[in-house]
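Residue numbers (our numbering), protein chains in the order written: chain A, 107 to 531; chain B, 103 to 473.
No wet-lab data here; the hints were simulated from the structure. Be a bit skeptical, because a hint or two may be false.
Said to hold, decoys possible - Output of the computed footprint for chain A on chain B, the stretches with three or more beta carbons under 8 angstroms from beta carbons of chain A:
{"#": "1", "stretch": "287 to 301"}
{"#": "2", "stretch": "342 to 354"}
{"#": "3", "stretch": "364 to 376"}
{"#": "4", "stretch": "390 to 401"}
Computed from a prediction, not measured in an experiment: that's the story for all the values here. Even for Gly, the Cβ is constructed at its ideal location relative to N, Cα and C.
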Amino acid sequence: MRWLFPLLILSVFTLAGPLNAKEELVTLPKRDTVQLTIYNSVDLTLVRETRDLTFKKGNNRLQFSWANTLIDPTSVEFKALSNADKLEVLDTSYPAESNQMLIWTVSADEDTTAKVEISYFTSGISWNAEYHGMLSSDESSMHLTAYVSVTNNSGEEYENAKVRLIVGSIHLVEEIAALAGGQRMERMKAAYSKMRAADAAPNKKREIVKEGLSEYYIYSIEGAETIPNGWSKRLESFVQDGVALRTVYTWDPSKYGNALAKLLVFKNDEAHKLGREPLPAGIVRLFRDAGSNRLSFVGQVYTDYIPKNDEVKVNAGFDPEVQLKMKRTSFKKDNLTFRWSGNRQYIVGWDTVEDFEIEIKNFRKRAVDFEVNVVMNGDFDFDSKTKSTKIDFRTQRFTLTMEAGGSTKVTYNVRTRYGQNIKNK
Amino acid sequence: MNKRLILTLAGAALVASAIGISQPEPAQARIKLATLPDKEAVVVRFDHPNQVLVEEERTISLQKGVNTVDFSWAGTNIDKGSIVFRAVNANSKVEILSTSYPPGEAALTWSIASPDARSEKFRLSYLMANIQRETDYRAIVSNDEKTLTFKHYFKIRNWSGGHFDSADFITRDGKTFEKALENGEAKRVLVNKWDKVKLTKEYVYDTQRQYEGKVLTDYVLKNTKEMGLGAIPLEYGKVRIYQDDGKGTTAFTGEDWGTFTPIGDDMRLNIGIAQDIKVEFKRMVNDVENRRGNVYDRDIEDEYEIKNFKDTEATLILTLRVDGEWEMQKDSSGFESYERIDNETIKFKVKCPAKGEPVKLKFHYKQLNIW
Chain A
107 MRWLFPLLIL SVFTLAGPLN AKEELVTLPK RDTVQLTIYN SVDLTLVRET
157 RDLTFKKGNN RLQFSWANTL IDPTSVEFKA LSNADKLEVL DTSYPAESNQ
207 MLIWTVSADE DTTAKVEISY FTSGISWNAE YHGMLSSDES SMHLTAYVSV
257 TNNSGEEYEN AKVRLIVGSI HLVEEIAALA GGQRMERMKA AYSKMRAADA
307 APNKKREIVK EGLSEYYIYS IEGAETIPNG WSKRLESFVQ DGVALRTVYT
357 WDPSKYGNAL AKLLVFKNDE AHKLGREPLP AGIVRLFRDA GSNRLSFVGQ
407 VYTDYIPKND EVKVNAGFDP EVQLKMKRTS FKKDNLTFRW SGNRQYIVGW
457 DTVEDFEIEI KNFRKRAVDF EVNVVMNGDF DFDSKTKSTK IDFRTQRFTL
507 TMEAGGSTKV TYNVRTRYGQ NIKNK
Chain B
103 MNKRLILTLA GAALVASAIG ISQPEPAQAR IKLATLPDKE AVVVRFDHPN
153 QVLVEEERTI SLQKGVNTVD FSWAGTNIDK GSIVFRAVNA NSKVEILSTS
203 YPPGEAALTW SIASPDARSE KFRLSYLMAN IQRETDYRAI VSNDEKTLTF
253 KHYFKIRNWS GGHFDSADFI TRDGKTFEKA LENGEAKRVL VNKWDKVKLT
303 KEYVYDTQRQ YEGKVLTDYV LKNTKEMGLG AIPLEYGKVR IYQDDGKGTT
353 AFTGEDWGTF TPIGDDMRLN IGIAQDIKVE FKRMVNDVEN RRGNVYDRDI
403 EDEYEIKNFK DTEATLILTL RVDGEWEMQK DSSGFESYER IDNETIKFKV
453 KCPAKGEPVK LKFHYKQLNI W
């Protein structure tokens, strides 16, 4: 029993008849094809469906209703794909008693059939990406599987739909869910069995074809999908073996707190056997080969959209085998500047001179890379015997490699000027 | 067999139309198998600091074509997004086509394509919440307090809703033990034991750990190979300390929290107050000097009078702290050695003669440029 909408009812009244003449229900045409274009940056899906309709000569009334769905009424459009020259939409009316229905009056020059396309926006269908990376036991490379999952909470079931996914951020001035009247889907008792029965999948994995369009990417899923209301479905988007991976132990209190973070880094580029398309936002989960195809969980991160050639960093957290300790070994004040006020003098400027020591130890059985970011405040001079690079006006970075079992100490000195000692640059 | 983790299997065979009309979409017949494949080779890994990964194997009979396998975990705390499902044989011709998630259920279904009818072994991995872990230690100190036997226990408590008939539990440092674990059950297992670990006993006066000016007794274990440890970083956990009483039994002498101790670092365990060593603190000088407008220095002389009422000499370690810019003065005296740990912290070693003979530590310093 189908009680899902939208429903298309075609009724015909004669040319000669008065406008309120008794309507004759002619047919209940079923959908022939459905195409879903799902956006992930906003809650929006463009639905295009085609139906074969039979028109009588004269005015035909087409009733389209969408009770209990999340369709935006302002977006519904009608287009004849065949015999368009014989058909004309005279008007569209939205009956006062129902805000989930519209009626098109279509005039036909003669008795005819036509393929028509009805398109509209709906909310409640979403998609997201997920990534599983299986790291080699030495963490130097990974086998990356990208997935896309489509979730249908639209209130409507789309059977055997062609699915296209839009990667990128589009601009909307109003939310589709609000335009749909904010209806919530109480109808979450989705057809468990229907889902399976409709899953007339071919005996192979679906290809997902990716192509660019303006600022966006379109992922087209091969074949047709049926996703009952309330269900999600996950498909493989691509698989790539041998993606090179770098481990960088990073000290950056502004991002990772007062702890050394183990970051696993790869790039979405050709050198990493990726870079064919941008990677949509999603959770990246990394596992390590713990021997004999068993897994060990390494870490996970939600990553934003990754353009081609951009970098992904997964924080694998704290590693007890690699340590960093930081301490301030000395603190002095210098260049005290006074000003007389009456017969008393007051301090109006001074410098502080501080020495810091960073101690690094690597207990791992292989060399590891470090990135240590130190942040200063105010008007300062930074000095160290160890080479560092300026990251921004107040951040210096030490980039170090430490051999297996090695340890080292890096020292640096910071002079900071306060009050009237601050230089006028 | 865990009843809450149900893996059901439905084979889908393509049914040709009896009247010979070809259909645009093949209809699928679903055959529910009566047998539920048992969990095999369950591994529970604790190598991530705050996640628990469970792996299990299941042998599934597949039919030629597309098979649907249902996996549900009602009542257990499995992280759905973390589920990884794959054939154990990496070269298997079996393909997982898609994963579907029904609404409002702790369940999923896999569509699996098989080129023929076969039995295939799959491995299922997922993160499971509410399996707690805890580390604790037992230290049995020799009668002369020079060495100890250090036992490392790993305790797991299972609130996950699932239960394990038999599983290999793997700790962060790679130790494996096989156990059964019911839901709600806890188990504690000895995972490491180190004998003849060298021990340093210290009497400590620390202004940050101070308890009414009393001297604390610490055992210090250096996590290095030379001292008999150094194999793994030592996890945070409670250490209960017993001492060999020389009569074949042991006496409980105290307990403390052992902090996380990387290789090379010290684990410092307080076993209580050293009643026989007393410290009396007096500030002898507290003068302002070198005044320049509103800026001045402060000259401070602190005196610590220490009495050791034991029959033997002892060493006291005093850890003292001074904020800001300061310099120790050369006439400080009464110590064996000192070390400035960082700008704020200084550590003195003082030899304390036996039988209550007093010794004075004079700590003379200037705090500079104060306003």
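Next on the checklist: Taking beta carbons only, do three or more residues of the stretch 287 to 301 of chain B come closer than 8 angstroms to chain A?
Outcome noted: Answer violated; 0 residues pass the 8 angstroms Cβ test.
Next on the checklist: Count the residues of the stretch 364 to 376 of chain B whose Cβ falls closer than 8 angstroms to any Cβ of chain A, and tell me whether that reaches three.
Outcome noted: Satisfied; 3 residues make the cut.
Item to check | Outcome, coverage of the stretch 342 to 354 of chain B by chain A - at least 3 residues whose beta-carbon is closer than 8 angstroms to one in that chain | outcome: This one is violated; 0 residues, fewer than the three required, reach chain A with a Cβ under 8 angstroms.
Checklist entry - Against chain A, does the stretch 390 to 401 of chain B show at least 3 residues with beta-carbon separation below 8 angstroms? => result Three-residue rule met by the stretch 390 to 401 of chain B, so holds; n is 4.
The structure does not agree with the numbered hints 1 and 2 stated previously, though it agrees with the rest.
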